[in-house]
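> Sequence:
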Amino acid sequence: MDRKFIITALIYAIIGMCLGIYMAKSGDHGHRVSHAHIMLAGFVVSFIYGLCHKLWLPGASGALVQAQFWLHQVGVLMMSAGLFLLYGQHIAVETIDPGLAISSLMLLLGMVLMLVLFIKKPTAPH
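Numbering-wise, the sequence shown is residues 29 to 154 according to our numbering.
Derived by calculation from the structure, the hints in this document are not laboratory data.
Heads up, some of the hints might be wrong.
[To be verified] Straight-line distance between alpha carbons at most 20 Å, and here's what the computed DMTMM-like set of lysine to aspartate or glutamate pairs gives: (1) Lys148 to Asp30; (2) Lys82 to Asp30; (3) Lys149 to Asp30.
Taking the hints into account, I'd like the entire structure generated from these sequences.
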């Protein structure tokens, strides 16, 4: 799972950096909120989850691990796309707000599941 999280983190970093370069080149910084969420929720949090799996949860598997991964990934994609559409003025806030709320809850639940994975992991004897 660590590799999956790191690969997706790097993909989000590339997307976020491209958006940042576009904003700098065009002089239009209207997507700064989208850029920040892609970089933070997509790149940074995914990377941290990857490190958590590598360092503290190696070999973790099962439905809970899969649910945590997919909740985070789908939540980031929904949120990033929704914010991009909103701040690009392609969609009204009233239309996208329910999707943004759902994506926020998905990311929160993904974080709660990461905590559960840590709590459930048996500690190694010293």
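> A separate judgement is required for each hint: does it hold in the structure or not?
Hint check:
Distance hint between Lys148 and Asp30 is fulfilled; the C-alpha atoms sit about 18 Å from each other, no more than 20 Å. Straight-line distance between C-alpha atoms of Lys82 and Asp30 comes to about 5 Å, which keeps the hinted pair within the 20 Å bound. Simply put, Lys149 and Asp30 have alpha-carbon atoms about 16 Å apart, close enough for the 20 Å limit, and the pair holds.
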